[in-house]
Structure formats: C-alpha cells, structure tokens
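Protein chains in written order, with this note's numbering: chain A, 45 to 577; chain B, 32 to 194.
There could be a bad hint or two in this list.
Stated by the list, open to error - No farther apart than 20 Å at their CA atoms in a straight line, the calculated lysine to aspartate or glutamate pairs in the EDC-like style are these:
no.	chain 1	residue 1	chain 2	residue 2
1	A	K230	B	E75
2	B	K136	B	E68
3	A	K219	B	D49
What the hints assert, rightly or not - Partial list, computed: chain A residues near chain B (C-beta under 8 Å):
no.	residue
4	A65
5	L73
6	L76
7	L86
8	C87
9	Q128
10	P205
11	G235
12	K429
To be verified - Partner residues are not named here, just some residues of chain A that face chain B (Cβ under 7 Å, in silico):
no.	residue
13	Y75
14	P88
15	V206
16	K209
17	L212
18	K230
19	N323
20	P501
21	Q505
22	Q527
23	T532
24	P535
For the record, the hints were derived by calculation from the structure and aren't laboratory data.
Don't be surprised by glycine CBs; every beta carbon is placed ideally from N, CA and C.
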Amino acid sequence: MSELKKTVCPLCLNGCRVGIAYDGYQYQLEYLTEVEPNFGRLCPRGNSANIILDHPKRLCYPLLDGKEITWQKAFELISEWRSQCSAPEIAVVYSRGLQDEEIKIVHGLAAALETENLACGYIEPNNYFCYQLEGVKQAKLDDLSGSRATLLVGDVFSTSPVAAKPILEARYADKTSRLIVIDSIKTKQAGFAHLFIQVRPGTEYLALMAIAGILDPKLKINIDDCTERSGIQRPAIEQAAQILKNSPRGFVGAAAFLGRVWNPLFHNLCAQLVALKANKPFTGFTEALVPDGKICFGRLKEELAQGKIKMIFWFGGLFPYSYPEVLPEMSNVRFRVATSIFRPSTTLPGLVLPVPSEYEKSGRAETSWAEVKREPLARPVSGTKHINEIAEKVAGKKIEPLTFTQRQPVKVAELIQMAGESTIPPLDGNGWLLMGEKQAIGVGGFFDPEDTIAINPADAQKLGVTDGAWVTAKSRTSEKRFQANLTTAVPPGAMTVGVNNHANRALFSVEVDEKTGIVTIPPTKVDIWQAQA
Amino acid sequence: MASTGIKKSQKRLFIRLDYCIGCRACEAACRSRFKGEARLCHAEINETALIPLSCRHCEEPLCVAACPFNVIQKDEERGIVVKSVLHCVGCKSCVLACPFGVLDKELLRRMAQKCSLCYDRSAGPRCAATCPTGALQFIDEQELQEQMVGKRVAARVPFWRRV
C-alpha cells in the first residue's frame, strides 16, 4: 500500500476529510476517523473519490466533435477560431470544479481576450446560497448538534448526508427537541420530522414568508395569501413559528436543487429571513458556491439566443452546461470549447479538453465550517492540462489572475418587495409536473441511468400505469423512458426523477425570471404515457 | 433481554433504524471497494424508510447447504460466511436459499455477490465506517446490549425512529 494521502472532499461544502492510498491495483478510500467535521464518515458522493480518480470514462485527450485529436491541433484550432471572432463575439463561462485560483485565471483570460462576456455558468439553484441576507448569523457545527428547534427547508439529508448526524442527534437529544421540515415531497428526511409541512411544488418560500410574517408582524406580510398560494394550512405555520420562537437554541438549514424550486433566490433568502426573525443561525447546504462574473447568466443566455456570441469557452470539471439539449441557445454558437474530466456520454460539438479533477489539484477553499487547504490525492491523469496552462495557450501570453467580487448582502426590505411581486406559474391545466430529486447515491452519477420515475398511485390509476411499468415522459425540451415507481411520497399531479443523469436534466429547461433576472431550472410540465415494452 | 445468538467476541453489523436516512452511502462504499459491485442491497419499508440489508452470517447458513459447488463456506474461527469469487458459477442457488433475501438476485459479472464483512480490513467493514449518521455499526453482542438499554421504551411503534 502506498503512502496515505489526505484531502478535503470537494464535492460539497461540508468539507469532509478523506484519505486515499494506492494498493498497486486500485485507489482505496481510507476513513479518517479522528478528524472533524466528518470523523471518517462519507456520503455516497464522497465514497466515489477513488472511482473518479481512475474512472474508465476519464478524458485523457482533447476531443473535436467526439473524435480524438492532439493538444497541438486543439490549440491551433482555438487560435484559428479566435481569429474569426471579434472580442464582443467571444464569451467566457466558468462552472464548478475550479479552485479559486483557477477562477481568478479565467477572469484574467477574459480580460486578456478583451471580452466583457464573462459569466458564471453554475446555475444550479444551490449556488444562490452565495446571497446573504443582512444580519443573518452563519451557523457553526455546534449549532447543528446543540439545536432544539431545527427547521430544514428542502432535502438537506440528500444534499449533505454527513450533516444529518448532528441534526438527528439534536432531534433525539431530549423530549423538547423539535424538527420541522418544509418540502414539496415527502422525502426520507420528512419521515424524521415532528412537523412536516408539505407545500405545493416549488413554493417553499411562500411558507417561509408566512412563518416570518408570524414571527415579526411588522413585516406586514400577507400570511393568508402565502398559505393559500403554497397550499398549506395556517395552523401548521403558526405551530412552526411557535416552536422556533420558544426554543432558546435552534438553527435553520436549507437545500435547493434542480427542478425543485421556482425561484432559488427567494427559496434561500426567505429561509434566511425566518432565521433572522427567529434569532437563529442559518446554513445553506450546497455543493459549491461559484462567484458571479461580469454579466449574469440570464444576460449571456439572451446574447446566445440573439446569435451575438460566435465563440464560447466553458471552463469547468464535472458538468459542462454546454450540452445543447440542456441549453438550446448553445446551438447558435459556432465555435465551442469546453473542459471536462469525463468523456461526455453524448457527442459534443466543438472541442472538449481534458482537465484534472478536483482531487488532483491543490488550492484554498471555503467550506461551510472553515477555510481549508486542499492537497492533491494523486497526480493528474495523463493527457490532462491544468486550466492555467490552457488559458495561457489560448491567450498566447502569461495571464494575470484577477480577483473576483463577492456578492453584496441583500436587505430585508428588498427581499420583501421582490418576493411580494413574485409570481409562480399556475400548476393546474394539462400535463403533469415533473420535479427533480437529488438522490444521494449518485456514484459517478452522470453515468447512472436513473431511469425510475416516482408517481402518485392516484395519478398512476388515471394513466393506467402499474408499478414497474415503462412510461415515456416528454417535456418541451426532451423525452425519456422511465420505469414507474408508485409512491405516495409525491403529491398527486407531480412526479419526480433523479437529476444526476444528463438525459434527466435535459427534460428541464433553463428559465430566466423576468422580474428579478434570476436564472432558474424550475419544475417542468411533461406529458406521460405508457411506453411499449 | 433477548440474545441475538452470536458469540460475544464476534462483531456483527447492526443498524440503528432511528438514524438511517436511506442515503445508501454503505452501498457506495461497497461499490467503491469492489469496483462497482455492491454486496449489500436495500429494502424500501415505506416511502420514508429505506434500509440496508446485508448477509447475517447465519450460524447454520442455508446458502452454504444450497451451494452445489461448495463455493460458500462457514469460517468457524471468524464466524463469517465467505464465498470464493473464483469458483462461483452464478447458479443463484444461494440467492434462492437465503431466508432473509439479502443476496441480490441480479448477478454481477455472472456471480452472486455476498458480503464478507470486509475481513481484509482490520478496522471492520467499510459500510459501517462510512455511514454518515452512524446508523450502521460494527459491534459485538455486549456493545449491542449496552446500546439497547433505554431504546425499548421508544420501541412501541414498528420502528424505533420517529416517536
């Protein structure tokens, strides 16, 4: 067995410590039982660290339209493409999977290319936890285990299973401990709740607004309107407010993921508003926080739709959104350059360049609980190049790293005004509502089929579908076959699918909220019918 | 208090149902060690409870009796039931014989998969080491009895959890 190498898991902001040793045949995980915050425990994603390192689908050479080419040819092509575009026609986008130092280099590259089209392409709802409400206290690890009134919004246990331990310990600590869960689906987490408030899909923020309105009547929130729109009973939120108000120690945690919330910004800020008014600390459970670029993604999407962008650079590791089926506007872009650690499961038009995974890079990062330094667990896979090197070759000169700006805290009055004006699309009408479900398992999730769809038995009866039958789901953007799983966990009229798989993600569309400019991937309308065996 | 029937010194996997969140980290740890093979499976009890199931390493294992090629053996010293991966022909006799249904009927690499309690690892099975909430534990009879004290009061419902 080789020397044990230790690092901080980069797959979410819990900052779990993980060790890896090479046994001469394969990488083996080691559970570091002595170190905070996880004491050796790892979630399913953390357990995939060694799989990512020597995954058979790791990308080891540049691809042009799905075919292998050399790095030299790739750089020649980039240079040729660049010469055909003016600076405003070039866009630079970065996603998750980059260290802070690399993001600074990407900012530097945009400056070197003299383009203002620099955007953050990590548009997953959990990235909105970057925004903070003025005056809200950030929760510490002790707050989780010491809490006697815990409010969880969304499926925190699936987002961060390791954080479930202190939360459950607090839940069982004494008879007065209370766990409140607000969600649109009866998740496994909801099964642990003393009070489970099941809202209409995507309307968690309205329930939170109502709780905040009860906690602080000065906010003048129309509580009845909020409860009606979110489909809940007023006594339930009064009880939740009472629990939070009466407990000396508590905390509010929130999670959000693709296809689950209408407006991720409100989802996050309203959870913080409840924390503020209940005088409790807050934590957003998120996979990554990627800072803004010079323009917001909504604006970039507009420019893409208008055909103003001819060439795009998409820097990321795990999840290039440059897949045309997810973002149809991408088909207007003539020259595409994306980075990836895996070989894409479908042929991507343009160039795909192999880069090292987060486990093969060093750098400083912030987790939910501390600032950490990451050490590489292994040497980068043969054939990959660091983003710094790629950026310098693209620019043809040394890049000056540029610091990025952090988001400004949002004021309570701004939030109340924005949320008050918000609208949610009507949930009735034809078709069914498809929602996303983050299944914690997701080992190398992009290649798991995730081909089951959760359907309420009442809906299944209307559709004439039995448990285990194959159905086809068709949305505005895509279509896929699923095996039906009949369960009362999902409310009538709604269905859920896992959202680690790319084909499942393609069923959802990227939307821009007209009033707030927020980019979101909300639940989507689908047609469902029984597929032929 | 009822005994579980295992020797005091022998450690076994136990699950604290009130802490299992159904995240399947145990399965992921198993897959990560055995190159994609999961040697435990999961059962959905209801929409909010999904619990892991793995080999009980029975005192009188029926899978050993059922195996036509003596691929599965009882290791009396360590008290575990082990299977030779090299000689399994994938006939599924063990799968049919298992009274707890913990052997997955889906063959992987044309073989039935069976938990070996990670006997190659001195610190115990990886699934217990990784369990995010500490629900899955690798403990002996005495440790189990210590943990069970006080739990019975809460055990009026089918599960200890959620009371």
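Results for each hint:
Note on K230 of chain A and E75 of chain B: the hinted pairing holds, with a Cα-Cα distance of about 14 Å set against a maximum of 20 Å. Between K136 of chain B and E68 of chain B the CA atoms are separated by roughly 13 Å; this keeps the pair inside 20 Å, and the hint holds. About 15 Å separates the Cα atoms of K219 of chain A and D49 of chain B, which keeps this hinted pair within 20 Å; it holds. Because the beta carbon of A65 of chain A sits about 12 Å from the nearest beta carbon in chain B, more than 8 Å, this interface hint is broken.
The interface hint given for L73 of chain A holds, since its Cβ lies 6 Å from the closest Cβ of chain B, which is under the 8 Å cut-off. Below 8 Å, beta-carbon pairs count as interface contacts, and L76 of chain A has none with chain B, the closest being about 10 Å; its hint is therefore violated. For L86 of chain A, the suggested interface contact is upheld, since its CB lies about 5 Å from the closest CB of chain B, less than 8 Å. Taking 8 Å as the C-beta contact cut-off toward chain B, the hint placing C87 of chain A at the interface holds, the least distance being around 5 Å.
Because the smallest distance between the Cβ of Q128 of chain A and any Cβ of chain B comes to about 44 Å, over 8 Å, the interface hint for this residue is violated. Checking P205 of chain A against chain B: minimum C-beta separation of about 4 Å stays under 8 Å; hint holds. For G235 of chain A, the suggested interface contact is upheld, since its CB lies about 3 Å from the closest CB of chain B, less than 8 Å. A cut of 8 Å between beta carbons decides the hint on K429 of chain A: the least distance to chain B is about 27 Å, and the hint is violated.
The interface hint given for Y75 of chain A holds, since its Cβ lies 4 Å from the closest Cβ of chain B, which is under the 7 Å cut-off. About 4 Å separates the beta-carbon of P88 of chain A from the nearest beta-carbon of chain B, less than 7 Å, and the hint is met. Because the smallest distance between the Cβ of V206 of chain A and any Cβ of chain B comes to about 4 Å, under 7 Å, the interface hint for this residue holds. Interface hint status for K209 of chain A: upheld, as the beta-carbon distance to the closest one in chain B is roughly 4 Å, under 7 Å.
Look at L212 of chain A: its Cβ gets to within about 6 Å of chain B, closer than 7 Å, so that hint holds up. The closest approach between the C-beta of K230 of chain A and any C-beta of chain B is roughly 6 Å, which is under the 7 Å cut-off, so the hint is satisfied. The criterion of a C-beta within 7 Å of any C-beta in chain B is not met by N323 of chain A, whose closest approach is roughly 28 Å, and the hint is violated. Given hint, P501 of chain A at the interface with chain B, is violated; its Cβ is 11 Å from that chain's nearest Cβ, farther than 7 Å.
Checking Q505 of chain A against chain B by beta carbon gives a least distance of about 17 Å; that is not within 7 Å, so the hint is violated. Because the closest C-beta pair between Q527 of chain A and chain B is about 14 Å apart, greater than 7 Å, the hint is violated. Residue-level restraint check for T532 of chain A holds (minimum Cβ-Cβ distance to chain B is 6 Å; threshold 7 Å). The interface hint given for P535 of chain A is broken, as the beta carbon of that residue sits about 12 Å from the closest beta carbon of chain B, more than 7 Å.
In summary, the numbered hints that this structure violates are 4, 6, 9, 12, 19, 20, 21, 22 and 24.
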